[in-house]
Amino acid sequence: MTTTTITVTSTAVVPTAHGSRYLQQLCKHWSHNLTVEFSREQGSVIFPHDARGADWPGDARLLLDAGDGTLTCRIEASSDGQLEALKGAVVRHLDRFAFREAPLHVDWRDGV
Numbered sequence: 051m052t053t054t055t056i057t058v059t060s061t062a063v064v065p066t067a068h069g070s071r072y073l074q075q076l077c078k079h080w081s082h083n084l085t086v087e088f089s090r091e092q093g094s095v096i097f098p099h100d101a102r103g104a105d106w107p108g109d110a111r112l113l114l115d116a117g118d119g120t121l122t123c124r125i126e127a128s129s130d131g132q133l134e135a136l137k138g139a140v141v142r143h144l145d146r147f148a149f150r151e152a153p154l155h156v157d158w159r160d161g162v
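Going by this note's numbering, the letters in the sequence shown line up with residues 51 to 162, in that order.
Where hints are given, some of them may not hold.
Unchecked claim - Here are the simulated distance ranges between beta carbons:
(1) T57 - G119: 28 to 36 Å
(2) H155 - G103: 26 to 34 Å
(3) E151 - T55: 28 to 36 Å
(4) I96 - E134: 13 to 21 Å
(5) D130 - V156: 16 to 24 Å
(6) A104 - A67: 31 to 39 Å
(7) R71 - S129: 26 to 34 Å
(8) A67 - P107: 31 to 39 Å
What the hints contain is simulated information worked out from the structure, not anything from laboratory work.
Computed from a prediction, not measured in an experiment: that's the story for all the values here.
Each residue gets a CB set at the ideal place from its N, CA and C atoms; glycine is no exception.
Turn these sequences into a full structure, and let the hints guide you.
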């Protein structure tokens, strides 16, 4: 694993009554090939700088927090391109797991 150099961040607070369920599904899914830690309320996923043939400046991290009626997703990335790619990956996976609610309202706030 390379040294994580966080230069850009984005946060989305997703309204859903099933935040804990989706957090656990996302983390279990990504735990097959990524470094993941999670509980019912919080999760962390590390995306290596060279994942899927990429060559980003550093690793990225997704932090998940299941609250009362929300799922907060925070991406910490090493470049704008990596951040945008991960935003898309998170939304696609969330919508897949939340198919009964999809599409979920995901409003990314950069720099937060």
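Each hint tested on the structure:
1. T57 - G119: 28 to 36 Å: holds (31 Å)
2. H155 - G103: 26 to 34 Å: holds (31 Å)
3. E151 - T55: 28 to 36 Å: Since the Cβ atoms of E151 and T55 sit about 35 Å apart, the hinted range of 28 to 36 Å holds.
4. I96 - E134: 13 to 21 Å: With a Cβ separation near 18 Å, I96 and E134 satisfy 13 to 21 Å, so the hint holds.
5. D130 - V156: 16 to 24 Å: 18 Å Cβ-Cβ, so the 16 to 24 Å window holds.
6. A104 - A67: 31 to 39 Å: Given range 31 to 39 Å: holds, Cβ gap about 34 Å.
7. R71 - S129: 26 to 34 Å: holds (31 Å)
8. A67 - P107: 31 to 39 Å: holds (38 Å)
In this structure, none of the earlier numbered hints is contradicted; all agree with it.
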